[in-house]
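Here is how the chains run, residue by residue.
Number of protein chains: 8
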Amino acid sequence: MEQKKLKNILLEVASGRSNISDAIGIINESRFEELDFATVDLAREKRNGYPEVIYGEGKTAEQIVGIMQVMTKNHVNILGTRVSKEKFEIIKKYNEHAIYFEKAKCVIVTHHEMPITESYVAIVTAGTSDMSVAEEAAVTAETFGNKVERVYDVGVAGISRLFNRLDVIQGAKVVIVIAGMEGALASVVGGLIDTPLIAVPTSVGYGTSFGGVTPLLTMLNSCASGITVVNIDNGFGAGYSASMMNHL
Amino acid sequence: MEQKKLKNILLEVASGRSNISDAIGIINESRFEELDFATVDLAREKRNGYPEVIYGEGKTAEQIVGIMQVMTKNHVNILGTRVSKEKFEIIKKYNEHAIYFEKAKCVIVTHHEMPITESYVAIVTAGTSDMSVAEEAAVTAETFGNKVERVYDVGVAGISRLFNRLDVIQGAKVVIVIAGMEGALASVVGGLIDTPLIAVPTSVGYGTSFGGVTPLLTMLNSCASGITVVNIDNGFGAGYSASMMNHL
Amino acid sequence: MEQKKLKNILLEVASGRSNISDAIGIINESRFEELDFATVDLAREKRNGYPEVIYGEGKTAEQIVGIMQVMTKNHVNILGTRVSKEKFEIIKKYNEHAIYFEKAKCVIVTHHEMPITESYVAIVTAGTSDMSVAEEAAVTAETFGNKVERVYDVGVAGISRLFNRLDVIQGAKVVIVIAGMEGALASVVGGLIDTPLIAVPTSVGYGTSFGGVTPLLTMLNSCASGITVVNIDNGFGAGYSASMMNHL
Amino acid sequence: MEQKKLKNILLEVASGRSNISDAIGIINESRFEELDFATVDLAREKRNGYPEVIYGEGKTAEQIVGIMQVMTKNHVNILGTRVSKEKFEIIKKYNEHAIYFEKAKCVIVTHHEMPITESYVAIVTAGTSDMSVAEEAAVTAETFGNKVERVYDVGVAGISRLFNRLDVIQGAKVVIVIAGMEGALASVVGGLIDTPLIAVPTSVGYGTSFGGVTPLLTMLNSCASGITVVNIDNGFGAGYSASMMNHL
Amino acid sequence: MEQKKLKNILLEVASGRSNISDAIGIINESRFEELDFATVDLAREKRNGYPEVIYGEGKTAEQIVGIMQVMTKNHVNILGTRVSKEKFEIIKKYNEHAIYFEKAKCVIVTHHEMPITESYVAIVTAGTSDMSVAEEAAVTAETFGNKVERVYDVGVAGISRLFNRLDVIQGAKVVIVIAGMEGALASVVGGLIDTPLIAVPTSVGYGTSFGGVTPLLTMLNSCASGITVVNIDNGFGAGYSASMMNHL
Amino acid sequence: MEQKKLKNILLEVASGRSNISDAIGIINESRFEELDFATVDLAREKRNGYPEVIYGEGKTAEQIVGIMQVMTKNHVNILGTRVSKEKFEIIKKYNEHAIYFEKAKCVIVTHHEMPITESYVAIVTAGTSDMSVAEEAAVTAETFGNKVERVYDVGVAGISRLFNRLDVIQGAKVVIVIAGMEGALASVVGGLIDTPLIAVPTSVGYGTSFGGVTPLLTMLNSCASGITVVNIDNGFGAGYSASMMNHL
Amino acid sequence: MEQKKLKNILLEVASGRSNISDAIGIINESRFEELDFATVDLAREKRNGYPEVIYGEGKTAEQIVGIMQVMTKNHVNILGTRVSKEKFEIIKKYNEHAIYFEKAKCVIVTHHEMPITESYVAIVTAGTSDMSVAEEAAVTAETFGNKVERVYDVGVAGISRLFNRLDVIQGAKVVIVIAGMEGALASVVGGLIDTPLIAVPTSVGYGTSFGGVTPLLTMLNSCASGITVVNIDNGFGAGYSASMMNHL
Amino acid sequence: MEQKKLKNILLEVASGRSNISDAIGIINESRFEELDFATVDLAREKRNGYPEVIYGEGKTAEQIVGIMQVMTKNHVNILGTRVSKEKFEIIKKYNEHAIYFEKAKCVIVTHHEMPITESYVAIVTAGTSDMSVAEEAAVTAETFGNKVERVYDVGVAGISRLFNRLDVIQGAKVVIVIAGMEGALASVVGGLIDTPLIAVPTSVGYGTSFGGVTPLLTMLNSCASGITVVNIDNGFGAGYSASMMNHL
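Residue numbers (the working numbering), protein chains in the order written: chain A, 1 to 248; chain B, 1 to 248; chain C, 1 to 248; chain D, 1 to 248; chain E, 1 to 248; chain F, 1 to 248; chain G, 1 to 248; chain H, 1 to 248.
Same shape as in the complex, but just chain A (with noise of 0.2 Å):
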């Protein structure tokens, strides 16, 4: 916090135009409710733009449908990723409203209903396998309200099939590569745009790919300008800075 705004505050209780519990909340601009196991931000909204989201792989459903249980009473909508379609099994018991959405491993649960931007985001794949990836950042930016269109299977080894959607890749607000093996596509994308791209490198691939270490290190030092990289198979946070730059 700084200055400013704290000495404001102060003034304002020290005047008594502030009552005390008020400032605190102000001050530490930050709610959230304890649990055994988790300690849930209700405040990352009015702070981040957007809801804590919550990653689902190293939690049990049970932990899941508590967090989930806090945000529900508070009204925040819910978005979990990496929530294997078992634990929906089990998190669908707790929640009728929820949905699933399954290639992309992802529960949402709307609360309020979000505005869709004019503007898109352009979500592109080199190929098939990296689709699971792909769906994950559709479906987070879509919940956080940005249109999505999808342009999928177009690598470079058959490099026509990129030209042909170029249009629609070109029309984008923001573009999101998604490619494993050698991840060439993002540079070659990157090439051709005028706006920011979002390079996310997949597992997909064996031997050298390492997991998705190739095309990562492919994308970080890719000789196209305007190129961000996030981790590795994260769908979820590409799809998260997309809708970030989407309502710039």
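Everything labelled a hint here was simulated from the structure, so no lab data went into it.
Backbone N, C-alpha and C fix where the C-beta goes; we use that ideal spot for every residue, glycine too.
Mixed in with the good hints there might be a few duds.
Claimed, not checked - SDA-like, lysine to any residue: derived pairs with alpha carbons at most 25 Å apart:
{"hint": "1", "chain 1": "H", "residue 1": "Lys173", "chain 2": "F", "residue 2": "His75"}
{"hint": "2", "chain 1": "G", "residue 1": "Lys103", "chain 2": "B", "residue 2": "Ile99"}
{"hint": "3", "chain 1": "F", "residue 1": "Lys93", "chain 2": "F", "residue 2": "His75"}
{"hint": "4", "chain 1": "D", "residue 1": "Lys73", "chain 2": "D", "residue 2": "Phe37"}
{"hint": "5", "chain 1": "E", "residue 1": "Lys46", "chain 2": "D", "residue 2": "Phe37"}
{"hint": "6", "chain 1": "A", "residue 1": "Lys103", "chain 2": "A", "residue 2": "Lys46"}
{"hint": "7", "chain 1": "A", "residue 1": "Lys103", "chain 2": "C", "residue 2": "Arg82"}
Unchecked claim - For the chain D half of the interface with chain F, some residues (derived, Cβ under 10 Å), not all of them:
{"hint": "8", "residue": "Gly58"}
{"hint": "9", "residue": "Lys92"}
{"hint": "10", "residue": "Asn234"}
Take the given structure of chain A and dock chains B, C, D, E, F, G and H to it, following the hints.
Quick look at chains B, C, D, E, F, G and H alone, frame taken from chain A:
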């Protein structure tokens, strides 16, 4: 090039409304000039929104001068990065309008002024030693017409330094966080803002910082959302992407 | 597409000798069919000399069937690699002409026979465990019309086994050497022949073989000249490149 | 064994004040019992302040039981770590006093109670998924007679959660910080306290977290001082060292 | 800042007992001074128990002088690490009280004497070449008021050298073990003491010592308990943590 | 084959004293039998002093049986390593003389007894979990006619356990040290003996033990001299080399 | 040496048609000359199709001169790679026919002219900085009698530069693609041609290009088929293999 | 020290047959002299069969001189490795008997001659550039009283060079194989001999040779048995171990 556009061009040629060499130019969407050692891409500004940037590291001063002459002839604004002071001494003999930014190791030649944005890019560093990377980002963004605010040496070891400048950071349209060593600053800032954050790992550190690999990994695995990452010490790439986002 | 060819096409259109849709096809040099999950590249045989090959690993049996149906409809020869026996059980229900090579994990459907070369590709392995990679290379090369000679289990621990088969190896137009563990066989064979050698590291080994990284590095650093290398376990890639060379 | 001590013992023997077998025991400062598969170190408590701890991972339930029987016979307190529930089912048949901590995967048998410290060890985690490592640390510290305070799920993405519990953390004599993903929490806490901090990287994360290597590197390169680090997921090691420091 | 403390401060402000600028200072718990290139953290001693330490490696002599002037003005004790002799030649022109420790590459300026502990820190090295790292640790610990005992060149190749000095090591309150090459000394010492051991890997060695990665890994995987580890060559960090522990 | 020997053989052929097929056999110094999947090297015992050993990991039980039948037919002693119990169940149906060592995962068939050495190989392990690697080494050495002494679970965390067995270790002609985790035992033993030491890193450990890479690096960088190293978990290789040395 | 050839030679010896020393020479298929520091392989041209090439990097100018003298005496064409200008200054004092290619760092001495092929090798680079590697490949291929076409600085950031030269590339019998940074050019070119492609990663780049490891991995994992790879910066190896293929 | 020996010593002391200071010496089995920067181990020859060797790399000439003076005073033979010519210039001022081996970078001072073995150690290198490592091994072995045969530059690219010298190699009691690049020579030689082979990887090579890591991995994964490995460029270690084996 997509089917529809291509069809139209061909129809125009078939009907005689366009002549053939015009059509070739449009189809290629490319203009370039071939030197012995380089193929200068003069259409990049049209295609990508920014002119080609000269990466100075692997090139001799003479090669840089040669490329600059082609660009000057075509009235393209020039930005050269990673140009040592020694190389600049030679360059300025050929081009008196060339200006050198020593901390950033950048050369610029301005042929047409760019309007400055009202919104700004905040450039935040963890330490004093990250400054040359930060200046490369700042000069890049400024050259491309962006207002820039610098917030230097506010690493998490003394986190109140960061909170003291938080209003400047939270007021930015795009934030660049630059950090070496363990790179934790990106996650902390990422948890406090609602705008895109571009993280730049630097090679500042020793031992297991592995020349910047450690902060790179930190930034790729950030628990805060909305962070995308560029190559180690890639101040230029961050400034370039930030400019794209700031102009959205 | 190069300028001259393009110019000629446009001249033909302008003069009315070609119609527009023909020109589009030629310019794109591409024909493909879009499925929900794949964009099948039907022009690859024309462009690259061989049809698109289906990489089976990240795909469901249903996706493979879908792609095969498009290729069958277009009378393109089909080669599917890394197809498990389980997937093939499903595939053969849809396509009775599909033939499975169990050791190679390959599926082929032949729509038009390819002539067999007189010159041959020698496929040499260091050990018994390298055989499945070798068979992937062999089936690939044979499918593309090459005569193949197999020389298996002649690793350098018993180098006289290699010398005993040296005439077969020296008689080949192209030699593929496949080895795991330390991969030294490639260097030894490379020093004894005057034809191109494609080296394939395999993931056979344990501990510091690092899943094939060790023979890969061995092969890349060979003191013998004339050796080029493909990805770990990439029998297909070796067979494909060998076929290209054998057809020169 | 240093010269002076040794000299004294030998003088005692030479003068007949000590008998020989006593001298051997003192000189060796060791008592152990040899099983077929293990050499149980019974003097460790005397030498290191704590008894030998059974690392359960590479051992069969039968081997663990065998070692426990030797320790029981010698009235040594038992702590077994990384013991799966399946192994415990077998162990408890042989030792009814064995107690199992499921989240921590620890077995303990108490033969003599240890006094509990007044000062406490704070165990702080970044996320819910770090809990099993945290519990291993907590059970270890508690078994060795330390008061423990748990502060869970206060990672830097929602930094106010941390500030909310800062008084508990700042009141500890030793702090353990446990984090996966990028591990930034260690640096942030390290900048806010004046006591030793033991950082434990966890294998929570995916892609470039590389099974905990990323938070390990983060912690080793922390810009905050006073941080020392243990192996990935080594809750036991952290609890053990924290106990040593808390007892200083 | 925790809720209760904050509430009290605000109550004091609201009641007029505190004035506003005092409250700001307390809330921030921070005092710092901003230079062009650095934000000097003057509250660190209060917050962390020790003043900010100047890491000299990435800084110019002029920047170091600038930071030292701010600290001197505020009567804070100064410790600068990784300061080359060349930089010190410049520094001493500005600050005649600066003392240089050549083996340790440290600069100190003492504004107020610190009392020396009765208990001591033992600093143990495996070889002669580890001495500069050891001296950095020793100077750091001594500057922060600790008695230090040096036990140098007692590596395990001649293990009786270690046993000869074991009484000094066993008499310490905290032990620092510094070793390059394979770093086995840490495990051996760890098995013989009942106090905290801080292990420092050094970059001494060649080939697969990988600049200190090998002893780092050795120390992280030690079969002896009670060992925590710092970054390669981080003598300062070890001295700092040891001081914290020695003052408990 | 060296010049002189070759010359003599040729002279014998030229003079008619040898017939041609004999000469070929001698020149090749090789006898082998080709199966579909293997080229069994029957001359290895003559050339290397020991018969070919069957590495069972990448082979099917049927392939192992096939190779064993060729060896049996030629009265060669058989040693098969890394043979799972499941494979042995099949093998013993074909060869009733096959004996299985479960801890070592080795199969042997003895066609002619080997004399046992008077001098012995000491096999020393750091922990209980290293036992299966140790047994592979022991069975290998014993199969090749060496007396073996086992010294298990004497790691450096309780170094007096090692000193207690030092006479057995010091009495050996060759010492094998087997250790996982940090592998420090090799250096300590190496400093106490005057005979060759073969160090075997094992994959015992977790986190940064990296499946045995850490003890491998430790052993390669040992400050003690006279240590040579084999691959991770390569008990066979250590036993084989030790046998060679013990027979010198 | 294979059985049949050997048999024939021996028959010739037995029948007296060949004398013994001739037979030895043929059997060995080797002629070499031993220097103190080198064993010069004079039969390599006969065995491999090309004479031995002198790798200059680890050798002194004097050693290079020594080897060149042996080769000159035997009228073998000489190619020396990685010869610095300083070394060449010494070499040319001893051999006035030596010609130096500065960009390629190659020395050649031609004793007998080689015929030039009609088909050509295309050498394609991504950037200006890849030129020295490209010239090493070009000089190698030209020295071995190949026609070479250079296509430089056509990286994917400005992909129309590549399409503009595509006819030259598609007209080649073999294509070498040389790229640093992310190396994506190899995949793009590979998707557009039907001839063998040899990919050469270069050490051009910074940060996570890891001295060429990134483009190497990119090229090994290419989604385009028909690509084989050589070591980083190995222009010579690519030129050598390309020559082999061009001569098929 | 084992129980029985210790018991006997103590009995001797108790009975007055031994005096106490003798007993201390025997128990410690150690004599050393402490300098400021080193603890010289004078008992190593007795314990390990060879005197302590001075590793020169991290030490100043003055420190080396200091250690040499202690050793000279005690009439111990001196071997110093990795001593630069510059350091030797200083050393020889203090010790006129010091002899320098420039290629090996070794210093020796002989106080008592060692008898030379009849059996010999063969030292085999792949290339000319491996010579300095080979000479370090040779000088070490010769200093310790071994007959040495050098077989240089016989790498597998011209394998007949190796066969030509095979009789020398096969006649050795121990073989050292030294190779950089891909290190395949070790496997080939290993398959042709029946004596222990010590493999030394060297840092000769470029790109993916990774400073010797590649030949190290090759050697660790050799398909030939009987090979053990030392650190990269560790000629000394190989010579030392070979000497131990040659003296068995």
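Cross-check of the supplied hints:
Distance hint between lysine 173 of chain H and histidine 75 of chain F is unfulfilled; the C-alpha atoms sit about 28 Å from each other, more than 25 Å. Straight-line distance between C-alpha atoms of lysine 103 of chain G and isoleucine 99 of chain B comes to about 31 Å, which puts the hinted pair past the 25 Å bound. For a cut-off of 25 Å, the pair hint linking lysine 93 of chain F to histidine 75 of chain F stands: about 19 Å separates their Cα positions. Between lysine 73 of chain D and phenylalanine 37 of chain D the CA atoms are separated by roughly 18 Å; this keeps the pair inside 25 Å, and the hint holds.
Between the alpha carbons of lysine 46 of chain E and phenylalanine 37 of chain D the distance comes to roughly 53 Å, so the proposed pair goes past 25 Å and is violated. Note on lysine 103 of chain A and lysine 46 of chain A: the hinted pairing is violated, with a Cα-Cα distance of about 30 Å set against a maximum of 25 Å. Of the pairs offered as hints, the one joining lysine 103 of chain A and arginine 82 of chain C holds, with about 22 Å between alpha carbons and a cut-off of 25 Å not exceeded. Evaluation of the glycine 58 of chain D hint against chain F yields a held restraint, the C-beta minimum of about 3 Å falling below 10 Å.
Proximity of lysine 92 of chain D to chain F is violated relative to the hint, the smallest CB-CB distance being about 21 Å (cut-off 10 Å). The beta carbon of asparagine 234 of chain D is positioned within 10 Å of a beta carbon in chain F (closest approach about 7 Å), and the interface hint is therefore held.
In the structure shown, a violation is registered for the earlier hints numbered 1, 2, 5, 6, 9, in ascending order.
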